[in-house]
Amino acid sequence: MNGKGTASMTAITAPAVPLRQRLFRPNALWLAAPGIAFLAIFFLYPVLRLLALSVQDPATGALSVATYARIANTDVYLQVLGITFKIAANTALFSILLGYPLAYWLAGLKEGLRERMVLLVMVPFWTSYLVKTFAWMVVLGRTGVINSMLTGSGLASQPLPLAYNEFGVMVGMVHAMVPLAVLTMLPVMIGIDRRLIQAAQALGAAPAQSFWLIYFKLSLPGVTAGGLLVFISSLGFFIVPALLGGRRETMLAQLIITQVQELLNWAFAGALAAMMLVAALVTVWIYDRLFGLSSLSGDTSAQDGGPGRLRLLGLAILRVVAKASAVLADAVRRVIGTRGTRRLLPIYCTLALMFLVLPTLLVIPIGFTSSQFLEFPPPGYSLQWFETYFSSPVWLSATLRSFGVAAATAICATLIGGLAALALARSNTRWGGLVFATFLAPLIVPRIIIAVGLFYLFAQIGLVATDMGLVIGHTVLALPFAFVTITAILKNYDWRLDQAAAVLGANRFKTLMLVTVPLVKGGLVAAFLFAFITSFDELTIAIFVSGGIKTTLPKQMWDDMILQLNPTLASVSVVVFVIVTVLLLLAERFRRTT
Amino acid sequence: MTTVAKNGGTTPKLIIEGLSKQYGAVTALEPTHLTVPTGEFLTLLGPSGSGKTTLLQMICGLVEPSSGRILIDGRDQTQTPVHQRDIGLVFQHYALFPHLTVAENIEFPLRMRALSASEIKQRVKDVLKMVQLDHLAARFPRELSGGQQQRVALARSFVYQPSIILMDEPLGALDKKLREHMQIEIKQLHRETGATIIYVTHDQEEALALSDRICLMNHARIEQLGSPHEIYAHPATAFAADFIGISNIFRGRVDNSNGETRLATRHGHFRLPTGASFSGAEAAIVIRPEQISLGGGNGNTVVGRVTDAVYAGSETRLIVDLDEGETVIVRLPPGQPTPGYGERATLGWNPDAAVLVP
Chain A
1 MNGKGTASMT
11 AITAPAVPLR
21 QRLFRPNALW
31 LAAPGIAFLA
41 IFFLYPVLRL
51 LALSVQDPAT
61 GALSVATYAR
71 IANTDVYLQV
81 LGITFKIAAN
91 TALFSILLGY
101 PLAYWLAGLK
111 EGLRERMVLL
121 VMVPFWTSYL
131 VKTFAWMVVL
141 GRTGVINSML
151 TGSGLASQPL
161 PLAYNEFGVM
171 VGMVHAMVPL
181 AVLTMLPVMI
191 GIDRRLIQAA
201 QALGAAPAQS
211 FWLIYFKLSL
221 PGVTAGGLLV
231 FISSLGFFIV
241 PALLGGRRET
251 MLAQLIITQV
261 QELLNWAFAG
271 ALAAMMLVAA
281 LVTVWIYDRL
291 FGLSSLSGDT
301 SAQDGGPGRL
311 RLLGLAILRV
321 VAKASAVLAD
331 AVRRVIGTRG
341 TRRLLPIYCT
351 LALMFLVLPT
361 LLVIPIGFTS
371 SQFLEFPPPG
381 YSLQWFETYF
391 SSPVWLSATL
401 RSFGVAAATA
411 ICATLIGGLA
421 ALALARSNTR
431 WGGLVFATFL
441 APLIVPRIII
451 AVGLFYLFAQ
461 IGLVATDMGL
471 VIGHTVLALP
481 FAFVTITAIL
491 KNYDWRLDQA
501 AAVLGANRFK
511 TLMLVTVPLV
521 KGGLVAAFLF
531 AFITSFDELT
541 IAIFVSGGIK
551 TTLPKQMWDD
561 MILQLNPTLA
571 SVSVVVFVIV
581 TVLLLLAERF
591 RRTT
Chain B
1 MTTVAKNGGT
11 TPKLIIEGLS
21 KQYGAVTALE
31 PTHLTVPTGE
41 FLTLLGPSGS
51 GKTTLLQMIC
61 GLVEPSSGRI
71 LIDGRDQTQT
81 PVHQRDIGLV
91 FQHYALFPHL
101 TVAENIEFPL
111 RMRALSASEI
121 KQRVKDVLKM
131 VQLDHLAARF
141 PRELSGGQQQ
151 RVALARSFVY
161 QPSIILMDEP
171 LGALDKKLRE
181 HMQIEIKQLH
191 RETGATIIYV
201 THDQEEALAL
211 SDRICLMNHA
221 RIEQLGSPHE
231 IYAHPATAFA
241 ADFIGISNIF
251 RGRVDNSNGE
261 TRLATRHGHF
271 RLPTGASFSG
281 AEAAIVIRPE
291 QISLGGGNGN
301 TVVGRVTDAV
311 YAGSETRLIV
321 DLDEGETVIV
331 RLPPGQPTPG
341 YGERATLGWN
351 PDAAVLVP
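Chain order of the listed sequences is A and B.
594 is the number that full-length UniProt numbering gives the last residue of the first sequence; the numbers go up by one with no jumps.
358 is the number that full-length UniProt numbering gives the last residue of the second sequence; the numbers go up by one with no jumps.
Don't read these hints as lab results, they were simulated from the structure.
You may find that some hints are simply not true.
Looking from chain B toward chain A, a few residues come up when the C-beta cut is under 7 Å (computed) [as the list claims (entries may be wrong)]:
{"hint": "1", "residue": "L56"}
{"hint": "2", "residue": "V82"}
{"hint": "3", "residue": "H83"}
{"hint": "4", "residue": "L89"}
{"hint": "5", "residue": "F91"}
{"hint": "6", "residue": "F97"}
{"hint": "7", "residue": "F108"}
{"hint": "8", "residue": "P109"}
{"hint": "9", "residue": "M112"}
{"hint": "10", "residue": "A114"}
{"hint": "11", "residue": "H229"}
{"hint": "12", "residue": "Y232"}
{"hint": "13", "residue": "R344"}
Keeping only pairs whose Cα atoms sit at most 27 Å apart, straight-line, the calculated BS3-like set for lysine-lysine is [said to hold, decoys possible]:
{"hint": "14", "chain 1": "A", "residue 1": "K521", "chain 2": "A", "residue 2": "K491"}
{"hint": "15", "chain 1": "B", "residue 1": "K187", "chain 2": "A", "residue 2": "K510"}
{"hint": "16", "chain 1": "A", "residue 1": "K510", "chain 2": "B", "residue 2": "K121"}
Idealized CB from N, CA, C, for every residue including glycine.
Could you put the whole structure together from the sequences, leaning on the hints where they help?
And the structure:
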């Protein structure tokens, strides 16, 4: 019987057949090469160059710390630095505080309902900062919606100072950032197994205790990630403080713009940018030490709560908070009843969603006003401001340029980002993490730094005030969105279909064109639309790169808003809002049908 | 490209020479030799991790071998890219293209081979008829049942008449009844087309039902190769006996005292089948449940207590715990009086009905 078996045969050594050399094999990772090269030239190099400028003597090019000495010796600059940190930190704090219950509520909804409700967060998230800020100027201004209601009803004898101070800035910033906080926390919360709460309660924990000790603890990676992203984004803000703040709310980014645009002081702008970047990187570093960067992507499995003693302290604090809030919850329940407490969360979330959506919606009727002023409610309706918009060559050419640039950007970003996503999906390499980080980096580095760095580079190679320069700059910013969208789609793609196509006789190119691309089409369209929106309402790069008559729509809005508010801005805002919202809803639809 | 000398006028469809696969320190397949004649239905059978899927994927080119050669129709295809290898593969989860209709899925390999439109049409029509799906040609895969999807997958790999058709646990996702039905259909397709089929499964019943030959794999190597009957009746190893069918295995020492060669186990000394060859001092005998009968007098006997009697219509299955602490399974034909739970039973078998394995 042993002779039948081939056990003895397998022992024979196989003829040594030299296999193809592995060194120059076409590796899928090469598909990321165009994107990496693009980011190296138009992202890494300009940013590093700008930082280098800050330690160079402008005249001789020698190493010099004179610029930093000047900053350290000037009170004004130190104040601006302090203000920037304070506003960014407060924005992060309030965005998390206001956003957490909303994210908690959304995470608990049934999937279908949740997807619809999340759109109410997505729309304000993607709505242009300019439109949102314009809305708040209309709402909070001296003759704005709130003040005219207060004085009209006699509740206040004279208008309250709601805008052009810290309050105005905080309202605008928090409104702009709550969606980011919610959208970062949401995936982590959805990932929490709600049966753990039931288990905790079965083991004797009061509802409030089980929330703090289990749910809140497990949602912490989302909270810290949300706080981090909001803080970093806020550091580079200038639209809101410039338009809703006073002199005392000047932030770092505004200072950089002044230094570059009015004083052409590159060394100084570089130093300020370096300080902002260092602040951002230090924050990320501390975050990484405490929580690990992996939790940024919603991966809760690796978290262990950081160093041992810190973890125990954290748990002790949580236990105290849990106990206290259980007592408090009992008291509240006794006053307003169980049914009443159950309604608290939906009521809060309705108010929060109104806070996010209503100000922008308010702009729509104002765009159709018959008045010469920004009044609410409008005394009558007319299309005169749309006529002004559509008959103005300046506005029209800006609009057309924005469309053209956005379309070109979307094509470039989808192509480059798509190839990179494909590269990561198809190659098992230890460089994967680095490639991933490279493509996400433009999202972390404040836009103002990228913009100033690109301006310096473009000035040298003659790309300032060109559409090409705009497309390049916008592609840098849009790449992360396209890349992440396509990566997510490819993650769910069944690669066996590609194998099947290969077995059936299709080569790599035919497989890609006949099988892969048709099947991930929805994700590609979504990536295209997200990139389009990113470019369409991009202001920071446009401020520097679109010069003179070659202006884009957001740049034109910005110039007008700084100069003088007028109802044309409302009608332009309506157009921008509608376009972006329609594109966003389309993108979400495509993303989901894949 | 190597041409192998034709022996007896027919070149084997597939020759595998010393094929192996290493993933770092892990051996997925030790150097393996295998020859498959044209038109054979060969099953790669084994537990998960035994190397059967790795072998299959190397044959079709989805996995690159660490060493060795693959010859198809006498030509070395080791370095041929997947899409030029002209092999059919039926995936476990079908891998039907969800954006293409049934007909378009089946057309796909023909279009890749740039066949004429009329030829494509005719072939698709024929193959759809063969799998009885002519009426569903315009449907999308998601509109079909599991069994129908499976038939589309089969049609898609038969339609271009590849030199070999590989099937990777194609019925794994179907329920038992449908699985048995599809086994008959696959068998029928094999008969009608005369295709050479290599079929991967971990289901031994499926392997016994379908195969001309079974290639039993374990621990990244071939354990035994032979017809279903050979492997069932003459397992080469205890693993083979245990994996295929139900076996009672008694391990022991070969004992030459008293002038007769016997196996000394803790249940006593057992007489060996006549002409059994063995090497080494340790061995085991394998007895199939249907070879054991109640009562002694048949040569070898063991004694134990009945812990379960399962009535299964065509037979009654008896579970007997031996006094020395092992369990024996016995199949009794219907109508025979069976001892009840807790009763003592003496079991016996003819020494020649057992198989000695190393």
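Verification of the supplied hints:
1. The interface hint given for L56(B) is broken, as the beta carbon of that residue sits about 11 Å from the closest beta carbon of chain A, more than 7 Å.
2. The interface hint given for V82(B) holds, since its Cβ lies 4 Å from the closest Cβ of chain A, which is under the 7 Å cut-off.
3. Below 7 Å, beta-carbon pairs count as interface contacts, and H83(B) has one with chain A at about 5 Å; its hint therefore holds.
4. The beta carbon of L89(B) is positioned within 7 Å of a beta carbon in chain A (closest approach about 4 Å), and the interface hint is therefore held.
5. Using the Cβ-Cβ criterion of 7 Å, the hint placing F91(B) at the interface with chain A is satisfied: the shortest such distance is roughly 6 Å.
6. With 7 Å as the threshold, the beta carbon of F97(B) comes within range of chain A, its nearest partner Cβ sitting at about 6 Å, so the hint holds.
7. A cut of 7 Å between beta carbons decides the hint on F108(B): the least distance to chain A is about 5 Å, and the hint holds.
8. Satisfaction of the interface hint for P109(B) is found here, the shortest Cβ-Cβ separation to chain A being roughly 4 Å, below the 7 Å cut-off.
9. Interface hint at M112(B): satisfied, since its Cβ lies 4 Å from the closest Cβ of chain A, which is below the 7 Å cut-off.
10. With a cut of 7 Å, the hint placing A114(B) at the interface with chain A is violated, because the nearest CB-to-CB distance is about 10 Å.
11. The closest approach between the C-beta of H229(B) and any C-beta of chain A is roughly 12 Å, which is over the 7 Å cut-off, so the hint fails.
12. Interface hint at Y232(B): violated, since its Cβ lies 13 Å from the closest Cβ of chain A, which is beyond the 7 Å cut-off.
13. With a cut of 7 Å, the hint placing R344(B) at the interface with chain A is violated, because the nearest CB-to-CB distance is about 35 Å.
14. Our distance criterion of 27 Å between C-alpha atoms is met by K521(A) and K491(A), whose separation comes to about 14 Å.
15. For the proposed pair K187(B) and K510(A), the alpha carbon gap of about 33 Å is over 27 Å, so the pair is violated.
16. Between the alpha carbons of K510(A) and K121(B) the distance comes to roughly 21 Å, so the proposed pair stays at or under 27 Å and holds.
When the structure is compared with the earlier hints, violations turn up for hints 1, 10, 11, 12, 13 and 15 and for no others.
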